Each structure stands twice: as C-alpha cells, then as structure tokens.
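Trainee: Sequence:
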Amino acid sequence: MELEQSFTLRHSLDDRKLRTKRRLSSPKFFAKVTWVDTLSQLAGLVPLNQISVPEPVYEEADVDEAEEEEEESQAFGVALDKLVANDDNTVASMLPKPLLECISFIRREGLDTEGLFRRSPPSTSLRAAKESYNRGQPVDLEALGGVHVAAVLLKLFYRELPFAVFSSYAIVRGLPLANTTKTNDDSQAVAEQMDTVRARYVKEEVLGSLSKEYRRILCFTFALLSVVAQRESVNKMTAYNLAIVWAPNLARSADPVEDVAMCASGPGAATVGSVVQIMVQSFGSVFMDEIAEITAAAPDSQQQDDAANRVLDAIDQSGTSPTE
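Each residue of the sequence shown is one higher than the one before, starting from 0 at the first, in numbering that gives the first Met the number 0.
Computed cross-link-like contacts, BS3-like style, restricted to lysine-lysine with a CA-CA straight-line distance of at most 25 Å:
#1 K96 with K154
#2 K154 with K81
#3 K96 with K211
#4 K154 with K211
The hints are simulated quantities; they were obtained by calculation from the structure and are not laboratory data. Everything numeric in this text was worked out from a predicted model, so none of it was measured.
Take the sequences, apply the hints, and build the full model.
Mentor: In structure tokens, the structure reads:
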C-alpha cells in the first residue's frame, strides 16, 4: 500500500539530523513527508482525535506553545468577560463555544444516558477535546467519546474559571431552611410555600449577587440540567444527584475544607449544593429574568419544562450549534 502523505512533528531537530533522516529515506518517501513544529500546526492538517498523541507530547507542547497562543483562542481557564460580549444579546455572544456545543450535543444525544455527569471518559479523549477548543480547532464530540466527554467538558469549564461562581458563601448561608418534620395535614402546603420562599431567595439574593455574564451561562446550563432531571426515571439523575456532582465545580474559596462542606444538599442545608438543587427544580422561577431576555418573551414560571426547552431551543435556532 503506497504512502500518500506523512506528517512528522519536528521538535528541536537541527539540520544535521534532518539531513540524516533524508539519507535514510528514499527521495520518493521523503517528498511525501510534511514537517510541522507544533501540535497546533499538526491539528490544522489532521484532526488530533484521529491519531494517538502520547501524553508527554501534549505536556511538552503546552510549554512550547504557551507564549505563542493568543488569549482569544483560549476557551478554558479564561475570565468569563474575555469570552462573552455583555452588550450583545445573541446566543453566540452569551455562551463560550465549549458550553454552546456541549449543551447542544447533550440535549440531542444524551438526555437518556444513565449516570450522565457522573461517568468519566478516557483522559486522553478529554485532553484532546480541551486542547482543540483552546486552539480554536473544530471538535467532533461524538468521535472523541460522545456524551460523557461533553458532560465532563461542561463541568471542567466551570471548574477552571479563574473566578468561581461561588467563591464566598455569606449569601448562600442566608438561604432559608425548610422544616423537614411533618407535624400535621397542612405540612405539604407549608413545604410548598417554603420551596417558593427558597427559590425566591436564590433568584433575588444568590443570582442577584452574580454578574450578568455568569447569570446568562448558568441559565443555559441549568436549562439543560432541568431537562435532564425530568428524565430521571431513565437516566437516574435526580435534581439531588445533579446537585451532588455539580456543586464541586461551582464552589471554590480559599478554604478547601469549607468548599467540601458547602457541596452538601438538602432542604435543611444552606449550601451551594442546596442552591444548585433549587436551580434545577425551580428553573423557571429562579431564572425568570434571564429566560425572558434569552427567549425575548417572559415565560410562565409554572411551565418548568417549557421554560427550559425554550432556552435550549434558542441555541438550536441561533444557527451556531453543531449540526447533527
């Protein structure tokens, strides 16, 4: 079988070594070799997910290319205000590319996947996807591992934000606590009333303390999580389960021990975990303002399913989500 094209990553090869390789190869073979100096150049010629790149090569490339990469090409570990446009109401300007593509992909391919957001994909696939986004290269989520790669990329994006969604817990600690003890026949009505009070607190106090950029990306993300929770009978991911796996990616303060404690969830806890659970369960009411902005029409907060799907529809209707 005749070789059509060969790509060789050249790292610190001097001319003498290059001449030696030329002597050891036939002129016909050598003419078909394309030399590249960086993984970015290689990614421009062939998708990295189609070849096996050893982990040490990725690590060396990170060092060699750090000074060459422009900040605007980075997608992970960058301040959110560098990735979105606050004065533009288009979906593409509100959502960084990894969030936009991963949310759209999971909605299309993964809502019924059991253990969604719990399972970890191969580290090499996750690394390849992340590096491709950071280099501004197209990312084939299906080829790289599918739903679980997309799910972990979503969590990773939040975890690597320089400024965590929750870096101080003073406002979170003010979350009203529900009475979990049933004392009379009116307990159900009281519980529902308390759920409304807690949702209002999250909307007005917790979200109200965040910037517009953060509220927008959270709205899109929790629209997806809300729809995932509605399929809990199939995917086994209840609002509580989603809170447990998502809270650690949103909470990061100067005290790691406190961070762990704040990831608990439940009606009797004033924690980030409880806030996450409320945002999933009461998406329509908590994100009412953001939903109205994104969909250009105020939804009925009681229509939970409709509110979440209308936000997700905005991604598909924007024409910027990956095609099927």
